[in-house]
Each structure stands twice: as structure tokens, then as C-alpha cells.
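J.: Position chain S against the provided structure of chain Y, taking the given hints into account.
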Amino acid sequence: GAVVSQHPSWVICKSGTSVKIECRSLDFQATTMFWYRQFPKQSLMLMATSNEGSKATYEQGVEKDKFLINHASLTLSTLTVTSAHPEDSSFYICSASDSGAGEKAFFGQGTRLTVV
Amino acid sequence: SQQGEEDPQALSIQEGENATMNCSYKTSINNLQWYRQNSGRGLVHLILIRSNEREKHSGRLRVTLDTSKKSSSLLITASRAADTASYFCATDEGAQKLVFGQGTRLTINP
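Residue numbers (our numbering), protein chains in the order written: chain Y, 1 to 116; chain S, 1001 to 1110.
Only chain Y is shown next, with the shape it has when bound in the complex (with noise of 0.2 Å):
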């Protein structure tokens, strides 16, 4: 099936500092991805869809300055977590589909952030 690669798979650091998370489709191409966050023993929350070559769209609530997402090219898609504070600390995940609207898709490994 197909891949999604997600990076780094954790990650600490100091207050005030900005995260970058990869997300690539290693054997296909994805022109929309999803970002989500998880909260521990909690389920997944859509922050936003990332759009190949165009801005992403963001779910009611998100901050667009906060978490910055770039979709460059068809098999990669980043967060960025600006500024970061501890209340940022979570389980971001991200998703990408090869076919087409509805059919099943494909998770990162996901990455723990951690912000002291």
C-alpha cells in the first residue's frame, strides 16, 4: 500500500522557537494532505488541508499564524509550529489519499512535539 512518511517523530524545544513536521508520500502523489492533532487518549482533530500549490484551509479555531502549512510539491506537505508554547505540545499526525474523494487514507507515523 502506500506511504506516508512523517518527520521527525518527536521532538523537544524551548518556548518562543518554531517546528518544522514533514509529511511525504513516498510512492504516490498527494495533492491534498491532511493535518491533524491529537490530544493523549483522545481522538484525531482535522487542523487543516493542505492543497498542493495553493494555501491551505484551515478548520474553525486554528490559527493560521500559529501553525504554518506549506504544500509545495505533490509529495510534500509542512507544519511549521510557530513561536511555540507549552500548551502546543501534542500528537500532530499527518494524512494523504491516492485516489480519489472518500476512499482511505494513508497516516505519517505521526510526531510528538514536545515544548518546554
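Keep in mind the hints are simulated off the structure, nothing from the lab. Idealized CB from N, CA, C, for every residue including glycine. Among these hints, one or two may not hold up.
Cβ pair distances, simulated, as ranges [claimed, not checked]: (1) Y/73 with S/1067: 34 to 40 Å; (2) Y/28 with S/1061: 22 to 28 Å; (3) Y/61 with S/1067: 28 to 34 Å; (4) Y/61 with S/1038: 27 to 33 Å; (5) Y/12 with S/1107: 25 to 31 Å; (6) Y/12 with S/1067: 44 to 50 Å; (7) Y/15 with S/1052: 47 to 53 Å.
Computed cross-link-like contacts, EDC-like style, restricted to lysine to aspartate or glutamate with a CA-CA straight-line distance of at most 20 Å [to be verified]: (8) Y/66 with Y/22; (9) S/1097 with Y/52; (10) Y/66 with Y/87; (11) Y/41 with S/1007; (12) S/1069 with S/1055; (13) Y/20 with Y/65; (14) Y/41 with S/1005; (15) Y/64 with Y/88; (16) S/1097 with Y/59; (17) Y/14 with Y/65; (18) S/1026 with Y/59; (19) Y/41 with S/1083; (20) Y/14 with Y/87.
T.: Just chain S now, with coordinates in the frame of chain Y:
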């Protein structure tokens, strides 16, 4: 928005028993999918059932869908310790956008 609700939130059974998880949703869907997540990892797709299907099987997995009740169930038969994980249902809201349920944490005791 989170539209799926799963029941139970946690389930603990003995190895070899069957595990049943339920999912309810609120709006019309194109399809419903079930995913598995091991602790601290990404999600793995298990099975997809389309809105015009009522039941689907895959190995030890059996999924049902009742669109009139807006509900789905996932049955895992002959459970194994390796089935211990969180299970999420997800509904397709169109344009490949998935909305996830709250999940069921399944523990299989050896």
C-alpha cells in the same frame, strides 16, 4: 467538527473472545472507515464500507453499517493480544476529509 461517537470508550476482554465496538454519526456519509492506532503511532486503515453496503468482512474483522440509524459496528473475532490498540471510526465528509470518532481503547488480556 467531530461527528462520530464511539461506544464503549474502553473495552477489556480476554484473548480469544470477540470484541464489538460501535460508532454513531450525525450527517449523511459517502462511506465509513475504521482505523487502528497503536499507542503513540499513526493510524492504520482497517476497512471501508460504503453507504450502500450493509456488511463487510476482512479476515477477523466484520463491519456493519446502518444508515437509517447512522451507526456502524466493528467486530473483531477471536481476539489476540496484538489487537490491543485504539480503534477509530471515520466518516467521509467529502473531498477526502475524514471526521473521526472519539475512539475505543481495546485491551486484550492474555
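J.: Hint by hint, work out which the structure violates, then give me just those numbers in ascending order.
T.: none
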